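S.K.: One-letter residues, chain by chain:
Number of protein chains: 2
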Amino acid sequence: MLRRIAKKIRKDFPRNTSFQRHMKEFELLKIAEELFSEEKIEVPAGKHDSALLRYGSDFLVFTCDTVNEISDFPKFMKPEEYGKMIVAVTLSDLAGSGAKPMVFLNSISIKEPDKELFRKIMLGIKEWAKRFDVRVAGGDIDFSPIITISGFAVGVTKKVLTRKGAKPGDKVFITGPLGKAQLCLEMLEKGCNREELPYAENLYTPIPRISEGIRIADFANSITDISDSLAISAHLMANASRVKIVFEKEKICLDHLSRFVNEEKAIELFLYGGGDYELLFTAQDSEFGMEIGRVERGIGVYLDEKRVLFKGYSHF
Amino acid sequence: MLRRIAKKIRKDFPRNTSFQRHMKEFELLKIAEELFSEEKIEVPAGKHDSALLRYGSDFLVFTCDTVNEISDFPKFMKPEEYGKMIVAVTLSDLAGSGAKPMVFLNSISIKEPDKELFRKIMLGIKEWAKRFDVRVAGGDIDFSPIITISGFAVGVTKKVLTRKGAKPGDKVFITGPLGKAQLCLEMLEKGCNREELPYAENLYTPIPRISEGIRIADFANSITDISDSLAISAHLMANASRVKIVFEKEKICLDHLSRFVNEEKAIELFLYGGGDYELLFTAQDSEFGMEIGRVERGIGVYLDEKRVLFKGYSHF
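Read top to bottom, the protein sequences are chains A and B. Going by my numbering, the first residue of the first sequence is number 1, and it counts up by one from there. Going by my numbering, the first residue of the second sequence is number 317, and it counts up by one from there.
Each hint should be verified, as a subset may be incorrect.
[What the hints assert, rightly or not] Here are the simulated DSS-like cross-link-like pairs (lysine-lysine), alpha carbons at most 25 Å apart as the crow flies:
hint	chain 1	residue 1	chain 2	residue 2
1	A	Lys249	A	Lys306
2	A	Lys126	B	Lys363
3	A	Lys30	B	Lys431
4	B	Lys487	B	Lys627
5	B	Lys474	A	Lys40
6	A	Lys120	B	Lys356
7	A	Lys126	A	Lys111
8	B	Lys442	A	Lys47
9	A	Lys24	B	Lys436
10	A	Lys120	B	Lys363
11	B	Lys346	A	Lys111
12	A	Lys171	A	Lys47
13	B	Lys446	A	Lys47
14	B	Lys363	B	Lys560
15	A	Lys24	B	Lys442
16	A	Lys158	B	Lys474
17	B	Lys581	B	Lys627
18	B	Lys581	B	Lys506
Hints are computed from structural coordinates only; laboratory data are not their basis. These numbers were taken from a predicted model, which means no experiment stands behind them.
Taking the hints into account, I'd like the entire structure generated from these sequences.
M.R.: Now the structure itself:
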């Protein structure tokens, strides 16, 4: 019975791939930001991927994320990958602060006490936590007809580096190619099998850029992770830093996409696709990462002369 | 449509008030405990209400909890109270380690971007966070047909005090009377209105015993919070400490219950009712709290000569 209802919900619950969803999410975030604007914390809720609080000579970095089977799990995803996914999306927020992860906790709701399902999800969490060197400090189990997993992570860093701090004259970099996860997601929607996807790993088992974030923290002026889309991350960075971000088309490599789609679509996937979990950062210069543009005085986000919209597709 | 489905789910999803549910939850916890037994952490997952990790000269204390509208929200509960509830249940785990709360984060899933609902839940979180002096450091928003809120809290303490440590010769204490929330829940199930409940506050807006926990940490040998039931907390404490816990009927005050139910039922509510969020602790002696029994050599939990079962009713 429950399974039938869950299936029905999956069918009827609107897929959250639209511009509208993000706008609405940001409207809610704004309410929270206003309500909690006076908390005594160095970088509070809503100002960055994660919150930073001074602790002795360090800063503790806090973040949380939730995934559920309706909004966030692509077709053909395996239970182990649910576990890897929640670790990846949560740690990605720490990477987006250049922080070293310390502990991870998860709160999981499953339909019924299905030991095999639970063990597989936990094995995924264990494998990804080990890979990114974070202790699993505990968790909580609840029951719900919708599989829902929340991840919480605490990291540590020596300095405050956020999306605020991009400077005119900086160059703009990303840690890796974008659009792969979204390309796969759209291929799934068109009826492809998992085996046919060119970048299944990017979609099902994304990699949080932890070591890259720590390295970037040494020299960058601003940083953020790219979970929803490059466009959304760049807009948040440009707003927070009060600068204009210009992507330069001739610097952007789209080879990984243009083998599968035309140029226009490749640009769209690159700018507006979600789920890659790379980092966006700005610095005077960098020997590391892919240069894709520059920071100027002004406001907004551009691809050469053309405005880049504040939109994105969530991972699902 | 969604609302109808959600209503249907609420109707069909089994109410989690049974012994079985707890046994199944503990079976799953055992799987997690085995998988994560080698994590490098002073008090790891599954060994206590929260995990403790040494950090400089202090210990950081981590915990997370989830509530959802199907399993955890009693009838007539208001959205502000959803917010207070998640703060209370999460901080209660810190109280159960004698820790001082530092930050709170929440990850919330709601059906649709209902700004009024969202604001009310956040206002509840804000009010309860302020009351218990914890910073709200951030959060995450997701969409799901079942309202689900996960709370995550980090606290700090100077010493490791857990449910392991009760010593033969200790006396057993609780911070306040038990069974009030369960009494109200059962009255609701019998058709009472909210206004008719004698202890509505205990059910809808429980108080985490933060200041009591910090005070108890100065002198107690063991501590834990009571979320599911006194029986479950005492069993976990007795097992972890390898002792026998004996409640003494003549020391237990049941006046707050016996005005409404007979003595047998009052004892049942006291031992097996959930949702009061008091603390259970053992110490050589205490000027503080209500003495209800003693610790002996042996195993198990007893009410005088009679065995107390490992069972409880969750908050809902």
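S.K.: Next, verify each hint and record whether it holds.
M.R.: Here is what the structure says about each hint:
1. Lys249/A to Lys306/A: holds (11 Å)
2. Lys126/A to Lys363/B: holds (18 Å)
3. Lys30/A to Lys431/B: holds (10 Å)
4. Lys487/B to Lys627/B: holds (23 Å)
5. Lys474/B to Lys40/A: holds (22 Å)
6. Lys120/A to Lys356/B: Cα-Cα ~22 Å, so holds.
7. Lys126/A to Lys111/A: holds (21 Å)
8. Lys442/B to Lys47/A: Measuring from Cα to Cα gives roughly 18 Å; hence the hint holds.
9. Lys24/A to Lys436/B: Holds, at about 17 Å.
10. Lys120/A to Lys363/B: holds (21 Å)
11. Lys346/B to Lys111/A: Holds, because 18 Å separates the two Cα atoms, which is no more than 25 Å.
12. Lys171/A to Lys47/A: Within the cut-off at roughly 22 Å; holds.
13. Lys446/B to Lys47/A: holds (20 Å)
14. Lys363/B to Lys560/B: Cα-Cα ~18 Å, so holds.
15. Lys24/A to Lys442/B: The given pair, whose Cα atoms are some 21 Å apart, holds under the 25 Å limit.
16. Lys158/A to Lys474/B: Satisfied, since the Cα-Cα distance of roughly 23 Å is no more than 25 Å.
17. Lys581/B to Lys627/B: holds (15 Å)
18. Lys581/B to Lys506/B: holds (15 Å)
The structure is consistent with each of the numbered hints, conforming to all of them.
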